[in-house]
Amino acid sequence: AQTVTQSQPEMSVQEAETVTLSCTYDTSENNYYLFWYKQPPSRQMILVIRQEAYKQQNATENRFSVNFQKAAKSFSLKISDSQLGDTAMYFCAFSNKNTGNQFYFGTGTSLTVIP
Amino acid sequence: EPEVTQTPSHQVTQMGQEVILRCVPISNHLYFYWYRQILGQKVEFLVSFYNNEISEKSEIFDDQFSVERPDGSNFTLKIRSTKLEDSAMYFCASSGLNPHNEQFFGPGTRLTVL
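In order, the protein sequence lines correspond to chains A and B. Heads up: the first sequence at position 31 corresponds to 31 in my numbering, and the numbers run straight through without jumps. Heads up: the second sequence at position 30 corresponds to 30 in my numbering, and the numbers run straight through without jumps.
In short, the hints are calculated from the structure, not lab data. You may find that some hints are simply not true.
Stated by the list, open to error - Examples of chain A residues lying across from chain B (beta carbon under 7 Å, computed): (1) N62; (2) R63; (3) N98; (4) Q102; (5) T107.
Virtual Cβ for every residue (Gly too), placed ideally from N, Cα, C.
Given these sequences and hints, build the entire structure.
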C-alpha cells in the first residue's frame, strides 16, 4: 500500500525567509511521481511542483524547490523568499505509474507567512 | 486559464436522501476523478473515469456511489442514500493524456449530512 506522511500540521515563517515542509512516503514501487499541491484559503488545489522518481535531479520552480531523497523516501518542499501569498495548505501527493492513476495524499501542512 | 468548476459549493441534506454533486472538468481532458476529504483527514481517492467508464475505484466507492458523464461537459457523483459519515469535502479533478503529469482540481463541494 502507498502512504504519504506529512508530520507538520502547521508551520509559520517570516516574510522573505525560507521554510521547508516535510513529506515522507512508503511504496514498494520504483516508477512513480511526487507532487506538492497548494490550496489557498477557499480556493482549489493547484500544482506547485512535480518530481519523477527516475530523475535524480531535484525539481525547481522559481522560489519552490524539492529535496528528493529516493532511498530515504523523502520529498521535502523548500520555499525561498516567502511571500504573503504563499499562505496556504500544502499537500504532498504520490502517484504510481504502474498501478493506476489515483493520487495518494498526505494530511497537509498549513503554512502561514507572517508579515 | 481553464479551471475545473463544481456546484454547489455547499450542500446540506438529510440522512437517507440522494445527492448529486456536479463538476465541469477542463474541456479537452480525458480522465476524471472524485476525491473526498473528511474534516481533519487526508484527501482520499474515490473513483476515476475514462472513456465513459470507471477505470479505477477505491473501497470507499461502494454501491451507494455512482458516477456519470451525462453529456460532453458534466461529470457527476451521486450518493444514493447518504449517511452521516458521508459528510466531507468532495473534490472533482481532471487530467489530460498523461494522468501522472498533473490532476487539476475543482474548489470542492462541502457536503453536510444531518
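- [ ] May I ask which of the numbered hints given earlier this structure violates, with the numbers listed in increasing order?
- [x] 1, 2, 3
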